[in-house]
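*Asks:* Single-letter residue listing:
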Amino acid sequence: MRKKAVKKNKASVVKLSVKTKSNKTISNKLELLEKIRWMTMVIQDSNDAIIFQDLNGNILAWNHGAEKIYGHSEVEALSMNIAETIPIEYQEEARKFITSLKNGELVLPLEAKRKTKYGKIVDMLITHTKLITDKGMLAGIVTTGRDITERKQSEAGLREKFRELEYLREGQIALSERMRGEQNIFRLGQIILRHLVPFTNAQVGAFYLVSSEKKLKRICGHAFRKTEGIEKNIEFGEGLIGQAASEKRSLLIKNVPENYFNKIHSDLGEMSPKSLLIFPIIYENEVNGVIELGSFYSFSEYQRAFLDHVSESIGIAINSSIVHKKVQNLLERFKALNAELQAQQAELKVANKELESAVNVRDEFMSIAGHELKTPLTFLKLQSEIRKRNLEKENITAFTNEKLLKMFDSDHKQIERITRLIDDMLDVSRISSGKLSMNYEEFDICPLVYEVVERHHEQLIFSGNKIEISSVESVYGRWDKFRLEQVITNLLTNAIRYGPGKIIKIKIGIEQNEAVIVILDQGIGIAEENLARIFLKFERVTGMEVGGLGLGLYIVAQIIEAHHGSIKVESQLGRGSSFTIKLPLTL
Amino acid sequence: MAKQHILVVEDDLGIRESLVEVLEGEGFIIIAARDGFEALEKLKQQPILPCWILLDIMMPRMNGKDCLAAIRSNPEWENIPITFLSAAGRIEDISIMHKVDFLNKPIDLDVLLASSKLHCC
Numbered sequence: 001m002r003k004k005a006v007k008k009n010k011a012s013v014v015k016l017s018v019k020t021k022s023n024k025t026i027s028n029k030l031e032l033l034e035k036i037r038w039m040t041m042v043i044q045d046s047n048d049a050i051i052f053q054d055l056n057g058n059i060l061a062w063n064h065g066a067e068k069i070y071g072h073s074e075v076e077a078l079s080m081n082i083a084e085t086i087p088i089e090y091q092e093e094a095r096k097f098i099t100s101l102k103n104g105e106l107v108l109p110l111e112a113k114r115k116t117k118y119g120k121i122v123d124m125l126i127t128h129t130k131l132i133t134d135k136g137m138l139a140g141i142v143t144t145g146r147d148i149t150e151r152k153q154s155e156a157g158l159r160e161k162f163r164e165l166e167y168l169r170e171g172q173i174a175l176s177e178r179m180r181g182e183q184n185i186f187r188l189g190q191i192i193l194r195h196l197v198p199f200t201n202a203q204v205g206a207f208y209l210v211s212s213e214k215k216l217k218r219i220c221g222h223a224f225r226k227t228e229g230i231e232k233n234i235e236f237g238e239g240l241i242g243q244a245a246s247e248k249r250s251l252l253i254k255n256v257p258e259n260y261f262n263k264i265h266s267d268l269g270e271m272s273p274k275s276l277l278i279f280p281i282i283y284e285n286e287v288n289g290v291i292e293l294g295s296f297y298s299f300s301e302y303q304r305a306f307l308d309h310v311s312e313s314i315g316i317a318i319n320s321s322i323v324h325k326k327v328q329n330l331l332e333r334f335k336a337l338n339a340e341l342q343a344q345q346a347e348l349k350v351a352n353k354e355l356e357s358a359v360n361v362r363d364e365f366m367s368i369a370g371h372e373l374k375t376p377l378t379f380l381k382l383q384s385e386i387r388k389r390n391l392e393k394e395n396i397t398a399f400t401n402e403k404l405l406k407m408f409d410s411d412h413k414q415i416e417r418i419t420r421l422i423d424d425m426l427d428v429s430r431i432s433s434g435k436l437s438m439n440y441e442e443f444d445i446c447p448l449v450y451e452v453v454e455r456h457h458e459q460l461i462f463s464g465n466k467i468e469i470s471s472v473e474s475v476y477g478r479w480d481k482f483r484l485e486q487v488i489t490n491l492l493t494n495a496i497r498y499g500p501g502k503i504i505k506i507k508i509g510i511e512q513n514e515a516v517i518v519i520l521d522q523g524i525g526i527a528e529e530n531l532a533r534i535f536l537k538f539e540r541v542t543g544m545e546v547g548g549l550g551l552g553l554y555i556v557a558q559i560i561e562a563h564h565g566s567i568k569v570e571s572q573l574g575r576g577s578s579f580t581i582k583l584p585l586t587l
Numbered sequence: 001m002a003k004q005h006i007l008v009v010e011d012d013l014g015i016r017e018s019l020v021e022v023l024e025g026e027g028f029i030i031i032a033a034r035d036g037f038e039a040l041e042k043l044k045q046q047p048i049l050p051c052w053i054l055l056d057i058m059m060p061r062m063n064g065k066d067c068l069a070a071i072r073s074n075p076e077w078e079n080i081p082i083t084f085l086s087a088a089g090r091i092e093d094i095s096i097m098h099k100v101d102f103l104n105k106p107i108d109l110d111v112l113l114a115s116s117k118l119h120c121c
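In order, the protein sequences belong to chains A and B. First residue of the first sequence? That's 1 in the working numbering, and the numbers climb one at a time after it. First residue of the second sequence? That's 1 in the working numbering, and the numbers climb one at a time after it.
Derived from the structure by calculation, the hints contain no laboratory data. Values in this document were obtained by computation on a predicted structure and should not be read as measured data. Don't take each hint at face value.
Listed below are the simulated DSS-like cross-link pairs for lysine-lysine, each with C-alpha atoms no more than 30 Å apart in a straight line [claimed, not checked]:
id, chain 1, residue 1, chain 2, residue 2
1, A, K403, B, K44
2, B, K42, A, K381
3, A, K393, B, K42
FRET-style restraints, in silico, Cβ to Cβ [claimed, not checked]:
id, chain 1, residue 1, chain 2, residue 2, range
4, A, T397, B, L13, 56 to 66 Å
5, A, E528, B, G25, 43 to 53 Å
6, A, S357, B, D66, 19 to 29 Å
7, A, D411, B, D66, 44 to 54 Å
8, B, E76, A, E356, 18 to 28 Å
9, A, P447, B, D108, 17 to 27 Å
10, A, R420, B, K3, 32 to 42 Å
11, A, S429, B, Q46, 24 to 34 Å
12, A, Q342, B, D108, 55 to 65 Å
13, A, T397, B, D66, 23 to 33 Å
14, A, E511, B, D66, 43 to 53 Å
Listed next, the stretches of chain A that the computed footprint assigns to chain B, with coverage defined by at least 3 CB atoms under 8 Å from CB atoms of chain B [stated by the list, open to error]:
id, region
15, 338-352
16, 369-381
17, 410-420
Glycine is no exception: its CB is placed at the ideal position from the N, C-alpha and C atoms.
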């Protein structure tokens, strides 16, 4: 009964088309019939499955393509419902689809799964055509289906491959990211292993670096148990590691012999890896390291290809780390050299400054010495010329006995002065070269002090100074008389020079087995900041230009020191100074 | 002709006395001072200005350079010729060079006398 219905429907479809052309001429009708016949042939012979169905899904027509794809013959198909070609899980979807077709919605070609006579699922690209009666009623549906199983499969294969590639690419990028900027070779090795081991589904890894002696040295390991003797250097060509290095190619060992590899160490116990992947790190055709990975699973050729691929970027990173280290070392050396150079320069600068100031001091000293020596010379020259003139003029009154005596006396004084200046200069030179000699003898210092004061009698009258001496009866000791006279003379002349018209007090006494001599003036005094300088060579701390070489107090201090004594100064600016000398009675 | 006055400023007693002796022998009246300070004091007290000042450079209290500056700052004294007695030749750092010259120590007597005649006759 169903068959009849189908045939009847089929006829009405043809009639439908004919009827639309009913106003055409006979010849046109014949032409049309011919066209319809051809089209029917095309439909019948198409490689695509073309299936006519009514609105209940009963199959009305089934072409060769459908026979080929679905396996059902036309006869079989004509008694089937279209639902029988749809896998159960897709039937709901198919029903909804038909509903939307009936509702007049626009339906695009769709990819769907269909089931063959033998239960095989095929991928189909299906296009729907609605069959409309001349009254505009939907009478059935034609589906044109193309088997796209192969295409789908190859697409899926491509997608899979693409996914893997993407995974590896991401792995490579992630590795590059992690390696970036790491200049320390040990940390770099750790980073690489920490990435590669989980990424390749490995459990253990080791990183060997080529040393400057061209030996492979393991610098880090991942889940690696440190065992005795494992840290030895591996020669190129020695073992699998050396082999990978010397041959510059990776090795994939699928079935590792028991105990060959160091056992993987973990909390779970010890297990030997099943598969090994050893690959060299190459940079500019030179092996600079080897990475070894071990896994309980099998490494694929695919992973090996990946590692061969990333080994290049690892090589670059390692090389950059090595170069960085070299540069860093050079930089450190350069810095050290630079610092040394700077220190030397600073030293030189200081030395230069010292020299400069020494030269300045010397120049000033020369100028003062020149002035001091020229003063008595000026007197002597003037006097000799005056006397010559007087002689020439036969001025006898200029050469009375009294005047001649005075002349010789003053000449003598000037010569003494020159001698003293030269002695001072020689003393300084002797002190500088450590050749100041001392002649110690036992004597009383009190008369010596009086003697020196007496010798300055005239000068004291001229300068208006009064002298007060308080002294014990005698202070005997073993000293150099000549040098101590020099000391007292010096301190006294200073007191006169810096405090004219004032009282000068001298005290002589004994304290704790030491002779103590204090010379106190009421002169200009010495500023506190200058107190430390006054016993130095060539120092004259007053702004006033007074005679003398500026050597006096220096020589004094040196003489006192040679006697193992001490000299101290106390002073107040504008109030005066007091010099205290202490000399051990016995050396 | 009234006797001309010369001011001699020198801290060294021997040199000062020698200068006084020789210049007095030439018929000048000599005013002697031991330092710059004393020189200014004596100039102030002097009713007749000296025709010449012999001025030592290195002296206590007030040195020759400061003394020169003080003398030149007084309009009455600014044209008195001044000769420095220098142990170190010509001094370059003296700013006021108006009517100033130098006599090197040890002093040559002939040059000294020639200078006195140049300035005072």
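*Asks:* What are the numbers of the hints that this structure violates, sorted from low to high?
*Replies:* Of the numbered hints given earlier, those the structure breaks are 1, 3, 4, 7, 8, 9, 11, 13 and 15, listed in rising order.
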